[in-house]
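A.B. asks: One-letter residues, chain by chain:
Protein chains: 2
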Amino acid sequence: MAVYTDITEDDLKWFLTEYDVGTLLSYKGIAEGVENSNFLLHTSREPLILTLYEKRVEKGDLPFFLGLMQHLASRGLSCPLPLPRKDGALLGNLSGRPAALISFLEGMWLRKPEARHCREVGKALAAMHVAGEGFAIKRPNALSLEGWQGLWEKSEARADEVEPGLQDEIRAELDFLGSHWPKDLPDGVIHADLFPDNVFFLGDELSGLIDFYFACNDLLAYDVSICLNAWCFEKDGAYNITRGMALLEGYQSVRPLDAAEIAALPTLSRGSALRFFLTRLYDWLTTPAGALVTKKDPIEYLRKLRFHRQIASSAEYGLNA
Amino acid sequence: MAVYTDITEDDLKWFLTEYDVGTLLSYKGIAEGVENSNFLLHTSREPLILTLYEKRVEKGDLPFFLGLMQHLASRGLSCPLPLPRKDGALLGNLSGRPAALISFLEGMWLRKPEARHCREVGKALAAMHVAGEGFAIKRPNALSLEGWQGLWEKSEARADEVEPGLQDEIRAELDFLGSHWPKDLPDGVIHADLFPDNVFFLGDELSGLIDFYFACNDLLAYDVSICLNAWCFEKDGAYNITRGMALLEGYQSVRPLDAAEIAALPTLSRGSALRFFLTRLYDWLTTPAGALVTKKDPIEYLRKLRFHRQIASSAEYGLNA
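Chains Z and C supply the protein sequences, listed in that same order. Position one of the first sequence corresponds to residue 1 (UniProt numbering), numbered consecutively onward. Position one of the second sequence corresponds to residue 1 (UniProt numbering), numbered consecutively onward.
For identical chains, the list gives no copy identity; a pair is met inside one copy or between any two copies.
Calculated lysine to aspartate or glutamate pairs in the EDC-like style (CA-CA distance at most 16 Å, straight line):
| # | residue 1 | residue 2 |
| --- | --- | --- |
| 1 | Lys112 | Asp11 |
| 2 | Lys112 | Glu9 |
| 3 | Lys112 | Glu205 |
| 4 | Lys123 | Glu205 |
| 5 | Lys138 | Asp187 |
| 6 | Lys55 | Asp6 |
| 7 | Lys112 | Asp6 |
| 8 | Lys154 | Asp283 |
| 9 | Lys13 | Asp204 |
| 10 | Lys123 | Asp204 |
| 11 | Lys112 | Asp204 |
| 12 | Lys235 | Glu114 |
| 13 | Lys296 | Asp193 |
| 14 | Lys112 | Asp10 |
None of these hints come from the bench; they were simulated from the model.
Build the full structure now, drawing on both the sequences and the hints.
C.D. replies: See the structure below:
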């Protein structure tokens, strides 16, 4: 949750004169997203989301994020659509921050997703991968091999505070992934953060994907492995093969994985588990005690990493050959 | 801002089966209020506010707060209206908290109110005082003389950390107010917290009052003095007599103050300045450093208190006899 920047009604009204959106009726800061300030606007026409981009977001990346949403929506994916200003720009300025107006997507994220929801998520992820084709702007993944190395260097010295032996284990993992990371798999635009809170449902129907602020160019199957980690484990750390099977079936019903992608899935899953472990570990070690931010336990992703390490074949994820 | 309790879609849907509100389309935690968790719901019919009452709110007070909003709305005041459940109750239970569904009020609060807005606030406050007549439930003001004494005892020992000499000054003030506090003024239901963020406007028109969770029975003119403190001072601490005059004129156009109320206004204003000084002082001294809560500077209200202390006659507030 986050509202970092307050805005005055006058500034907001001035900002809105650049858009064709009717009359402003109300705006509320909403507890959504951790990187930006988000407001839900009611207007005489339709509800809108106003996003103010805070410092953690690289300004130079905004054309990629906003352009991508526009590209995906124009190709039929249900996702928030940035509204162009009267001058055609997707980005304005409000309270000293880059700011965008974005369509409001009805729907709710599922705190307890089941297999049938995982199937829909798989389908939507594949649909996004297909819809992302032809998007002109590129953004390399800052949180891949090299980025992990950098993150690890900031946490390494204190890692054994979280669990004794962690220093050696993670260093070995980084070495393994450095020498076994797949090359030449199909790549494209990936979401890279498709956790349950970024997928909306209305009833059992998936109503849209949100939060493209980690999106980048990378291996498509890596995005699948992120979803396996995010959607297919129980609270107690056990892999739920029913959900995994549903997610993979849903994905393949839209975009079948090739043999090399399937073979690489355990390694990719180790990588994505490590990626979330490392950001959580860093936050865990650097967030001051008493801060009102929920620290996510890095151990959850350490357990997932260890699970993937003992996988002998992708069939164990529930993949039907 | 505050969302203390998260709710699952399933629990919320179950909760909503007790109401006749159409289909749930979305819900967002909103950054509003400091005592409770608030969610903005979109349904197939109309937007609603869902409030979960957190520990700081006394459960026994909820029938007063919810009943009051219903009473005021039924008498024409624009304020949030609690929706009755199918069984007639105004209060349900969600995620282990007492919870209510309340109508959503369009409008925005003004970060920089001007005199014309203060006039509307004065009118609305008086209208609330009139509309509150006949409300059957009573709630004494926990933050009057006795409550101040209790708050002060918790902060007294460390008060000089904020400003040297404060211990003696506040003790003398409490003594003065204890012996000069007016009796026998008209009383009734007061809002007791009508700050700018609790008054919504659409353009220059006041669209409603919100947040009745400090409402109680007390002297009506005390509520006026709270508004003078909340609306009629500049950021630099100077009293803005134009705004004060407008607020008092607006109030008296609906409910004229009697001679005793007018005479008591400086003393009442000292009391209300002290009341907000004391709660802010307490929060200031007890909120841990590093907590992501904005501490409100108690000094602001100390300055206001000192201003009121040197007022010789209520005419200095801009009161036209």
